[in-house]
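Given the coordinates of chain Y, assemble chain F onto it according to the supplied hints.
Listed below, chain by chain, are the residues.
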Amino acid sequence: MEQDVNIKIIDREGVSHNIVAPTDMAMNLMEVVRSYELAPEGTIGICGGMAMCASCQCYVLSDTQLPEMQDDEEAMLSEAFYVKENSRLGCQIPITPDMEGLEVELAPES
Amino acid sequence: MIKTDILIIGAGPTGLFAVFEAGLLKLKCHLIDALPQPGGQCSEIYPKKPIYDIPGFPEILADDLTKNLLEQCKQFEPGFTLGERAETIDKQEDGTFIVTTNKGTKHQAPVVAIAGGLGSFEPRKPLIHNIEYFEDKGVEYFIKDPEKYRNKRVVISGGGDSALDWSIFLSDVASEVTLIHRRNEFRGALDSVEKVQELKNLGKINLITPAEVTGILGDRHVKAVVVSQAEHIPTEFEVECDHFIPLFGLSPKLGPIANWGLEIEKNAIKVNNALDYQTNIPGIFAIGDVNTYPGKLKLILCGFHEATLMCQAAYQIINPGKKYVLKYTTVSGIDGFDGSRKEAPKAVVKAID
Chain Y
1 MEQDVNIKII DREGVSHNIV APTDMAMNLM EVVRSYELAP EGTIGICGGM
51 AMCASCQCYV LSDTQLPEMQ DDEEAMLSEA FYVKENSRLG CQIPITPDME
101 GLEVELAPES
Chain F
1 MIKTDILIIG AGPTGLFAVF EAGLLKLKCH LIDALPQPGG QCSEIYPKKP
51 IYDIPGFPEI LADDLTKNLL EQCKQFEPGF TLGERAETID KQEDGTFIVT
101 TNKGTKHQAP VVAIAGGLGS FEPRKPLIHN IEYFEDKGVE YFIKDPEKYR
151 NKRVVISGGG DSALDWSIFL SDVASEVTLI HRRNEFRGAL DSVEKVQELK
201 NLGKINLITP AEVTGILGDR HVKAVVVSQA EHIPTEFEVE CDHFIPLFGL
251 SPKLGPIANW GLEIEKNAIK VNNALDYQTN IPGIFAIGDV NTYPGKLKLI
301 LCGFHEATLM CQAAYQIINP GKKYVLKYTT VSGIDGFDGS RKEAPKAVVK
351 AID
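So the sequence lines, in the order shown, correspond to chains Y and F. For the first sequence, full-length UniProt numbering begins at 1 and goes up steadily by one. For the second sequence, full-length UniProt numbering begins at 1 and goes up steadily by one.
Do not take every clue at face value.
[Unchecked claim] One side of the interface only, derived from the structure: several residues of chain Y facing chain F at Cβ under 7 Å:
hint, residue
1, 41
2, 49
3, 51
4, 52
5, 70
[To be verified] In the BS3-like style, the derived pairs of lysine-lysine whose C-alpha atoms are separated by at most 25 Å in a straight line are:
hint, chain 1, residue 1, chain 2, residue 2
6, F, 125, Y, 84
7, F, 106, Y, 8
8, F, 91, F, 3
9, F, 48, F, 195
10, F, 106, F, 253
11, F, 48, F, 253
Since the hints were made in silico from the structure, they are not lab data. Note that the Cβ used here is the ideal one computed from N, Cα and C, for glycine as well.
For reference, chain Y alone in the conformation it holds in the complex (with noise of 0.2 Å):
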C-alpha cells in the first residue's frame, strides 16, 4: 500500500523490528509501538498520548525530518530521565510519508 512507511524500531531488550506503519490512520509513533505491542501494555502511552509522561521518550537515529519539538513536548523532556540530544517523545511524532526509513530506538522504562 502506498500509503505505509517503513520504520525500523530498536525495543527496550535491543531487538531491532522492521514493521509497516499507516500514514492514513492519524497514528503517531508511540501508537505504532503499542499496535506492534513493541513494549509491554502499561509501560508505554501511559498519559495516553498528552506529552505528559515521557514514557514513549525515544532516541531518534536517522536524519528523518521530524516536526518541530513543541513547548510541551520539551518541558516533558526537561523532566525525564535518560534523555539525550536525540530525544524524543513518540506520541509527538505523526507518523506522516516523511516518516520513510526512520529509525529510533525506545529509552528505558523509568
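Okay, now just chain F, sitting in the frame of chain Y:
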C-alpha cells in the same frame, strides 16, 4: 477495621461510578487510593484536559468529570482511605476479604472490586546512585506535612506545577528554599511561574537553572546535594541542605496487586467479560483500565459499563437468592443512605377548559 459491602481499590472515574451503581442496589462502598485525592489519572495526570468521549458530554474537563462523579455518588456516602496503597488481601473463613494498606489500615468486605487503572502512582525517582539510601533520611518524594520543613534548608528539583507550587509554599516555612531545574523554562501555570520569579527577585527562593542534582552527600541524613550546572562552562558544586525533594511526577505501577494470585496478562487483570468482570478469584472483580479481555478498550465509558455489571454480580454474592429487578432512576428515583431522596416531579394533570 473498616467494614463495607464492596471495597473498591482505586478512586478514579470507574471506581466512583461503581459507588453510584452499588448505591442503587443498596450496597455501600469504601474506596482505597494511593493518591491523596479522588479522580485517579483524571486528577493526577490531566485535570485540565478536555475529554470528548463521555456520553452526553460533548466536552468535559477531567477535573470536572471527577467533581460530577463525586456529586453523583455522594448520597451513597462512600468511605475513603486516601494516600494509602492496598498491599495485601486475605480471604477469611466466612468468605469475606481483608485488604490491608501499606499503612496498616484494614478493610473487610465480601466483595472486592479492583478499579486500579494502570496501577498505583509511584514517584519517579531521579537517577542518583545513592538516592534510595537517603529515602526518609532527608529525601522525600511527596510533601505530606509542610511543618516538617519549618526553619530547614530545602532543595526542590523539577520543573512542573508541583515543584513551583511547593517552592512558593515552603518559601514561607523553610529557612532556605533552592529550586533546581534542568532548563530556564518552567512548565507550570503562568501565575506560579510569575510568583517564583517574584520570590527569586526578593531573595526568598534561590533558583539554580539550567542545572541538575547529580549526587547526595551526608552521613545518616542529607547534608548537601551535588549540583551540576550546564550553562557556558559545566561546573559542579554543593548546596548544603537538610531536605532534598525531587518532584518529577508520578508513574503508575501495578504494584502489590500483581501478587494477589490474580491472572495477569499484559500488565492487566484477566476477567470474565462474558458475565460480570470477575477475576479468577471468586468475589474479586476488576473493572476499568486495570482489566483485560478479548476486545478490551481502555476507555472511561467502558469502565462505567463494567462497574454497572460488577455491582449486579456483587448483589448476588452479598444477597444470595434474593430477588431483584433492574430499576430505572427515572421511575424509582434515588434514595440516598443519608436519607435524601431524588425523584422525578409528579406530572400535573389538569383539564383544559
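So, going through the hints one by one against the coordinates:
1. For residue 41 of chain Y, the interface hint holds, since its Cβ comes within 7 Å of a Cβ in chain F; the closest pair sits about 4 Å apart.
2. Because the beta carbon of residue 49 of chain Y sits about 11 Å from the nearest beta carbon in chain F, more than 7 Å, this interface hint is broken.
3. With its C-beta approaching chain F no nearer than about 10 Å, residue 51 of chain Y sits outside the 7 Å limit, and its interface hint is violated.
4. With a cut of 7 Å, the hint placing residue 52 of chain Y at the interface with chain F holds, because the nearest CB-to-CB distance is about 6 Å.
5. Given the 7 Å rule on beta carbons, the hint for residue 70 of chain Y is violated: about 12 Å separates it from the nearest Cβ of chain F.
6. For the proposed pair residue 125 of chain F and residue 84 of chain Y, the alpha carbon gap of about 18 Å is at most 25 Å, so the pair holds.
7. A hinted pair counts as satisfied when its Cα atoms are at most 25 Å apart, and residue 106 of chain F with residue 8 of chain Y does not qualify at roughly 50 Å.
8. At roughly 14 Å between alpha-carbon atoms, residue 91 of chain F and residue 3 of chain F fall within 25 Å of each other, so this suggested pair holds.
9. Note on residue 48 of chain F and residue 195 of chain F: the hinted pairing holds, with a Cα-Cα distance of about 21 Å set against a maximum of 25 Å.
10. The straight-line distance between the Cα atoms of residue 106 of chain F and residue 253 of chain F is roughly 22 Å, inside the 25 Å bound, and the hint therefore holds.
11. Proximity of residue 48 of chain F to residue 253 of chain F is assessed by CA-CA distance (about 23 Å); at most 25 Å being required, the pair is judged to hold.
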